[in-house]
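Student: Chain by chain, the residues run as shown.
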Amino acid sequence: MSSFEVFIVASIVKIVLVILVLLTAVAYTVWLERKIVGHMQNRWGPSRVGPFGLLQPLADGAKFLLKEDLTPPHVYKPLFIAAPMIAVVCALTSISVIPFGTSIPILGHAIPMQITDINIGLLLILGVTSVGVYGVALAGWSSNSKYSLLGGLRASAQMISYEICLGLSLVGVLIVSGSFSLREIVQSQSGHFWGFLPKWNILHGGQLLGFFIYLMAAYAETNRIPFDLPEAETELVAGYHTEYSAMKFAMFFMAEYANMITVACLATLLFLGGWGGPIFGPPVLQAILPTFWFVAKVFVFLFVYIWVRGTLPRFRYDQLMAFGWKFLFPLAVANLVVTALLVALFGTSRG
Amino acid sequence: MLHLVLFLVFGAICVAGAINLLAQSHPISSALSLVVVMASLAVEYLLLGAEFVAAVQVIVYAGAVMVLFVFVIMLLNAGEEERTKGSHVALILGVPGVLAGGLLVAWVLIERSGTQTVALGALPGFPKAIGNLLFHEFLLPFEVTSILVLIAIMGAVVLASSPETKAPGKES
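Residue numbers (my numbering), protein chains in the order written: chain R, 1 to 351; chain U, 352 to 523.
These are calculated hints, taken from the structure and not from any lab test.
Fair warning: this is a prediction, and the values are worked out from it, not measured in the lab.
Fair warning: there could be bad hints in the mix.
Taking CB as the label site, the calculated pair distances span [claimed, not checked]:
hint, chain 1, residue 1, chain 2, residue 2, range
1, R, Leu-197, U, Ala-369, 53 to 59 Å
2, R, Val-308, U, Gly-453, 56 to 62 Å
3, R, Thr-24, U, Val-411, 34 to 40 Å
4, R, Pro-112, U, Leu-426, 26 to 32 Å
5, U, Leu-450, R, Pro-112, 20 to 26 Å
Over 12 Å on every C-beta distance to chain U, these chain R residues come out as not near it, computed from the model [unchecked claim]:
hint, residue
6, Ile-8
7, Ser-11
8, Ile-15
9, Val-16
10, Pro-51
11, Leu-79
12, Leu-92
13, Ile-115
14, Gly-121
15, Leu-149
16, Gly-152
17, Ala-157
18, Gly-195
A short, non-exhaustive set of chain R residues, derived as facing chain U with CB atoms under 7 Å [to be verified]:
hint, residue
19, Leu-126
20, Gly-127
21, Phe-180
22, Leu-331
23, Val-333
Using N, Cα and C, we set each Cβ at its ideal position, and we do this for glycine too.
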């Protein structure tokens, strides 16, 4: 087989695998959230459908498929149907540049654990996130309902405001690593300093403040508590997805959790050292351990996501926008300036 | 060969989006057609090799500027525009006339001017190279452009401020 055919076959297999794993992860992130928030609120969470409620996502999926799919009258039909599709497509596309580990040797070919390694990987994720705002805005407008329109406009204004802080916190990482390619950013975080501390960007790269700015901007981007006013039940019925039922609502739901997972993967790659971790054991184990460390770190990040969701009250909308523009944005610019100064004085991680 | 096919396909999508922008009667459909135009332009940049410009085109144009266009259309609650009866003569003479004029201009430019067309993939735009240029040779235009944007922001703030904050003596 020529290398082109190997590339095609490997890409198709990787795409299918990643989509399956991602959709399963989305379903079980919902389960995880319901369990964790339940336990934090001193109750069980799903516990009846299967052991520990593990079959709950299957039951939810069946429910969504079988529910009546209402289209309210007087909606702008083309956009009403297209908006959840835009949201889901953008949420699933950004996973294509995320590396899950080092190369795995299969049948003599070294297959990198990434669907595609383009050297503007980070910019692609930012671009796809920017286009994903259309899903929310168009859903709110096409639903021909006051709550939906207000929720959609608020959600999209929030998303584009915090996209700026998200981008600025990433620029700090870019200055330290010197590349847009996600694989190279992770590789610049390999190794240790002071003997045992790993060279992650959050420690050695001086991006502690950047990490927290990224965290807060990510919560706002994915419309999660404490920034979830646009879809809070007590405020705007359900915001931009009020008029959606069954599979279209499930698509918005999937898009939200897929965005969460993408953001968690990005944080792991950029701040927590990606797939770096102790490698030991037989070669089979060594090939899988990087991916295991990656998944463990993503899980920790998701746990913090859900922990914050169960703990904090939500911001009012004007507090939310003031926080984003008047506090977080100057802080992100200051982080950028300080990072640039430190890099100019001490050089980047790669020398 | 594949590059040429992709170029023609995305060029056709770009032109089709632009024509659709004019032909649609609802402003939201026009705005979304413009998003299609921006996205196909980004693909054209990518085919030329300018990957950074392509990504920034999507992030800035398709993802920020057009979102604000769409916001304004939603907030103004602009409905479908009314179509008056156009002139048939204008349609029969106009469309072929514009096409003929466009082809004439294109032929003159290709035959008579001294420029060459750019080969596909001929202008690699690595972010590092662009950054070097922006901060070394083109530093002054770069900084002046940011001041230009600042002036635009100040103008927008002044225009959007409420009447009683205007200078005294100008209140009606």
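Student: Using 7 Å as the Cβ threshold, decide whether R/Phe-180 counts as touching chain U.
Tutor: With a closest approach of 6 Å, the R/Phe-180 hint holds.
Student: Starting from the hint 26 to 32 Å, judge whether the C-beta atoms of R/Pro-112 and U/Leu-426 obey it.
Tutor: At roughly 46 Å between Cβ atoms, U/Leu-426 and R/Pro-112 fall outside 26 to 32 Å, so the hint is violated.
Student: Taking 12 Å as the cut and beta carbons as the points, is R/Gly-152 off the interface with chain U?
Tutor: Not fine: 8 Å to the nearest Cβ puts R/Gly-152 too close to chain U.
Student: Would you assess whether R/Pro-51, listed as outside the interface, keeps its beta-carbon beyond 12 Å of every beta-carbon in chain U?
Tutor: 44 Å, holds
Student: So R/Ile-8 supposedly isn't at the interface. Is its beta-carbon more than 12 Å from every beta-carbon in chain U?
Tutor: 14 Å, holds
Student: When the nearest CB of chain U is found for R/Gly-127, is that gap smaller than 7 Å?
Tutor: Status holds, d = 4 Å.
Student: In this structure, is the beta-carbon distance linking R/Val-308 and U/Gly-453 contained in 56 to 62 Å?
Tutor: Check passed, 57 Å falls within 56 to 62 Å.
Student: Measuring Cβ to Cβ, find out whether R/Ser-11 lies farther than 12 Å from everything in chain U.
Tutor: 16 Å, holds
Student: Beyond 12 Å from chain U, beta-carbon-wise, is R/Gly-195?
Tutor: 33 Å, holds
Student: Would you check whether the claim that R/Leu-79 is not at the interface survives, using Cβ distances to chain U and the 12 Å cut-off?
Tutor: 7 Å, violated
Student: Report holds if the minimum CB distance from R/Val-16 to chain U is greater than 12 Å, and violated otherwise.
Tutor: Consistent with the label, R/Val-16 stays out of reach of chain U, its closest Cβ about 24 Å off (over 12 Å).
Student: May I ask you to check that R/Leu-92 keeps its beta-carbon over 12 Å from the closest beta-carbon of chain U?
Tutor: Its Cβ never comes within 12 Å of chain U, the nearest being 17 Å, so this holds.
Consistency with the previously given hints fails for numbers 4, 5, 11, 14, 15, 16, 17, 22, 23, ordered from lowest to highest.
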